[in-house]
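Undergrad: Read off the chains here:
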Amino acid sequence: MTSNFPLFEIILQEIKSTVLNEYSFDEQEKLAEKIKLLDQQGHEIVLAIIRNYQLQIDHFEFHEVPYEAKTVKNGYRFFVNKLPTQLLYMINHFVNLHIEKQHEEKERNNFLLNK
Amino acid sequence: MTFHNYTFNVNFKDGTETTVLCYEKFSSPEILHPLIFCQGATCYVDELTPEFAQDILSRTSVTHLVVYNYRGLNTGRTNVPKINQYSTKLLADDLNQIVHFCEMNIWKRFTKISFAGYSFGGVIMQEYLRHFGDKRIRSMVYVLSLCFRCCRLDYRKLIDYAFRYQRYVKNEDKKHENFTYENYEEHTKYWNKKQIKKKLLVYQSLSMIFDRIFDRHSCVFTQQDLNIPILMITAKGDEIFNYDKNKDCLSNHYPPKLFKHVHLTGSQHNIFWKDPIFISNYFVDFYKQFD
Numbered sequence: 000m001t002s003n004f005p006l007f008e009i010i011l012q013e014i015k016s017t018v019l020n021e022y023s024f025d026e027q028e029k030l031a032e033k034i035k036l037l038d039q040q041g042h043e044i045v046l047a048i049i050r051n052y053q054l055q056i057d058h059f060e061f062h063e064v065p066y067e068a069k070t071v072k073n074g075y076r077f078f079v080n081k082l083p084t085q086l087l088y089m090i091n092h093f094v095n096l097h098i099e100k101q102h103e104e105k106e107r108n109n110f111l112l113n114k
Numbered sequence: 000m001t002f003h004n005y006t007f008n009v010n011f012k013d014g015t016e017t018t019v020l021c022y023e024k025f026s027s028p029e030i031l032h033p034l035i036f037c038q039g040a041t042c043y044v045d046e047l048t049p050e051f052a053q054d055i056l057s058r059t060s061v062t063h064l065v066v067y068n069y070r071g072l073n074t075g076r077t078n079v080p081k082i083n084q085y086s087t088k089l090l091a092d093d094l095n096q097i098v099h100f101c102e103m104n105i106w107k108r109f110t111k112i113s114f115a116g117y118s119f120g121g122v123i124m125q126e127y128l129r130h131f132g133d134k135r136i137r138s139m140v141y142v143l144s145l146c147f148r149c150c151r152l153d154y155r156k157l158i159d160y161a162f163r164y165q166r167y168v169k170n171e172d173k174k175h176e177n178f179t180y181e182n183y184e185e186h187t188k189y190w191n192k193k194q195i196k197k198k199l200l201v202y203q204s205l206s207m208i209f210d211r212i213f214d215r216h217s218c219v220f221t222q223q224d225l226n227i228p229i230l231m232i233t234a235k236g237d238e239i240f241n242y243d244k245n246k247d248c249l250s251n252h253y254p255p256k257l258f259k260h261v262h263l264t265g266s267q268h269n270i271f272w273k274d275p276i277f278i279s280n281y282f283v284d285f286y287k288q289f290d
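One line per chain: the protein sequences are L and R, in this order.
Take the first sequence: its letter number 75 is residue 74 in numbering that gives the first Met the number 0, and every next letter is one higher.
Take the second sequence: its letter number 154 is residue 153 in numbering that gives the first Met the number 0, and every next letter is one higher.
If we strip away everything but chain L, and leave its shape as in the complex, we get:
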């Protein structure tokens, strides 16, 4: 099957072998802090992952707001404790990859600046 969202499929595939334990309160806090560090593109992809998970895995209705999210002035506010464990693992995996990418890009850009 071809996917419109390859990143979602890759992340889902990569966490398949992970044992999914419930996220503790501390782990949830830590994840929320990491998400805050992401750039705008990262935030958009996290939202896309949540939305895709809601539709593709949990088979929610298209018009339903995902996982009791609240609409705020700048977009949506999600509550980490309302998200399914597998989705949290996926988001965590993506966040780690994205932070690494941001870091590696920054290294390269700094190199170009100092050249």
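Fair warning: there could be bad hints in the mix.
Stated by the list, open to error - Dumping the calculated SDA-like pairs for lysine to any residue here, alpha-carbon to alpha-carbon at most 25 Å:
(1) L:K100 with R:P28
(2) R:K134 with L:S16
(3) R:K107 with L:E13
(4) L:K105 with R:I30
(5) R:K111 with L:G41
(6) R:K259 with L:S16
(7) L:K15 with R:I30
(8) R:K111 with L:I98
(9) L:K100 with R:H3
(10) L:K114 with R:V19
(11) R:K107 with L:L6
(12) R:K107 with L:L112
(13) L:K15 with R:D290
(14) L:K114 with R:T1
(15) R:K107 with L:L36
(16) L:K100 with R:T1
(17) L:K35 with R:I30
(18) L:K100 with R:K111
(19) R:K134 with L:E99
(20) L:K100 with R:Y5
(21) L:K105 with R:R135
(22) R:K111 with L:N91
(23) R:K287 with L:E103
(24) L:K114 with R:F7
Said to hold, decoys possible - Partner residues aside, some chain L positions facing chain R, computed with beta carbon under 10 Å:
(25) P5
(26) L6
(27) E32
(28) H42
(29) L96
(30) H102
(31) E103
(32) R107
Worth flagging that the hints you see were computed from the coordinates, not collected in a lab.
C-beta: ideal position from N, C-alpha, C; glycine also.
Chain R: place on chain L using the hints.
TA: Chain R only, in chain L's frame:
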């Protein structure tokens, strides 16, 4: 899975021009695993079998597979004033420049890269490790190649192999002897390439032999504590890098948990060309285990 490939020219610091070919699969920027493949002696970028590249991209996490022409293959000029200045160190420096070029222009990040080298390519890969360290390296695969500073190259067999190669080339030559208006361009290209290869093979063989003779006690694997996974594929019938007749430093000194060795019985040095998919199967298992 969607792939595409593109070639471009790169100039080394001294102005020597080379060609780089990149096979890339459609992925997301977050998922990045580049592989630089160092080919055998005098191999042009278009001589890496596309089946091999596509198999690696479709069955492993590799997102970019890069091959490049060695110094001198593009124009026939190595840009070194004396033949003894064409050293494995010079080729390792070229590889470092290719890595740097790709970081700046292809994947645009400073990320860890997997290396793989077939035959002479393994020599260059090892020299890169010696001069630039393992900071940028994710993993390494030796294909029909050994630590060239420690192994005893069987020169008599090497000559046998060269004669066999000459016989193979003779048959190829016959196909390109009859020029017609339609095939003129293709045939001219073949003969030009052949002339360049002939000259470069002397440079490459001598660089390997001299560096081994005069600098044999500087094997990177016995001197440094490296922490990268290594796969070594050897063949029982290998005429050049024969594992059975050599005590290889890798299998003796390298940490066993990071080292995987596959010894092919009933295969020779040319198995990579004869059956590339057979070889890529070992890459798939290795990347699954260590990635």
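Undergrad: None of the hints should be skipped; say for each whether it holds.
TA: Quick rundown of the hints versus the structure:
1. For the hint pairing L:K100 with R:P28, the CA-to-CA distance comes to about 8 Å; that is within 25 Å, so the pair holds.
2. About 28 Å separates the Cα atoms of R:K134 and L:S16, which puts this hinted pair outside 25 Å; it is violated.
3. Pair hint R:K107 plus L:E13 holds up; C-alpha atoms about 24 Å apart against a cutoff of 25 Å.
4. Under the criterion of a C-alpha separation no larger than 25 Å, the hint pairing L:K105 with R:I30 is consistent with the structure, at around 17 Å.
5. At roughly 22 Å between alpha-carbon atoms, R:K111 and L:G41 fall within 25 Å of each other, so this suggested pair holds.
6. In summary, the hint linking R:K259 to L:S16 is supported, as the alpha carbons are separated by about 23 Å, within the 25 Å threshold.
7. Simply put, L:K15 and R:I30 have alpha-carbon atoms about 16 Å apart, close enough for the 25 Å limit, and the pair holds.
8. For the hint pairing R:K111 with L:I98, the CA-to-CA distance comes to about 15 Å; that is within 25 Å, so the pair holds.
9. Pair hint L:K100 plus R:H3 holds up; C-alpha atoms about 23 Å apart against a cutoff of 25 Å.
10. Among the hinted pairs, L:K114 with R:V19 is consistent with the structure: their alpha-carbon atoms are about 24 Å apart, no more than 25 Å.
11. For the suggested pair R:K107 and L:L6, the alpha carbons sit about 19 Å apart, so the restraint of at most 25 Å is met.
12. Distance hint between R:K107 and L:L112 is fulfilled; the C-alpha atoms sit about 14 Å from each other, no more than 25 Å.
13. Only pairs whose Cα atoms come within 25 Å are accepted, and L:K15 paired with R:D290 is accepted, the gap being roughly 14 Å.
14. Restraint check for L:K114 and R:T1: not satisfied, since their Cα atoms lie roughly 36 Å apart, outside the 25 Å limit.
15. Distance hint between R:K107 and L:L36 is fulfilled; the C-alpha atoms sit about 21 Å from each other, no more than 25 Å.
16. A distance of roughly 23 Å separates the Cα atoms of L:K100 and R:T1; the hinted pair therefore holds under the 25 Å criterion.
17. Using a Cα cut-off of 25 Å, the hinted pair L:K35 and R:I30 holds, with the two alpha carbons roughly 21 Å apart.
18. Proposed proximity of L:K100 and R:K111 is supported: the alpha carbons are some 11 Å apart, at most 25 Å.
19. Proposed proximity of R:K134 and L:E99 is supported: the alpha carbons are some 16 Å apart, at most 25 Å.
20. Of the supplied pair hints, the one linking L:K100 and R:Y5 holds, its CA atoms being roughly 24 Å apart against a limit of 25 Å.
21. Distance hint between L:K105 and R:R135 is fulfilled; the C-alpha atoms sit about 16 Å from each other, no more than 25 Å.
22. Pair hint R:K111 plus L:N91 holds up; C-alpha atoms about 21 Å apart against a cutoff of 25 Å.
23. The hinted pair formed by R:K287 and L:E103 meets the criterion: a straight-line CA distance of about 24 Å does not exceed 25 Å.
24. With a C-alpha separation of about 23 Å, the suggested pairing of L:K114 with R:F7 holds against the 25 Å cut-off.
25. Interface hint at L:P5: satisfied, since its Cβ lies 6 Å from the closest Cβ of chain R, which is below the 10 Å cut-off.
26. At its closest, the beta carbon of L:L6 sits 4 Å from a beta carbon of chain R; the interface hint therefore holds under the 10 Å criterion.
27. With 10 Å as the threshold, the beta carbon of L:E32 stays out of range of chain R, its nearest partner Cβ sitting at about 19 Å, so the hint is violated.
28. The restraint placing L:H42 at the interface with chain R is violated, with a minimum CB-CB distance near 14 Å, outside the 10 Å limit.
29. The interface hint given for L:L96 holds, since its Cβ lies 4 Å from the closest Cβ of chain R, which is under the 10 Å cut-off.
30. With 10 Å as the threshold, the beta carbon of L:H102 comes within range of chain R, its nearest partner Cβ sitting at about 9 Å, so the hint holds.
31. The interface hint given for L:E103 holds, since its Cβ lies 4 Å from the closest Cβ of chain R, which is under the 10 Å cut-off.
32. A distance limit of 10 Å between C-beta atoms decides the matter here; for L:R107 the minimum to chain R is near 5 Å, and the interface restraint holds.
Hint violations for this structure: numbers 2, 14, 27, 28, all remaining hints satisfied.
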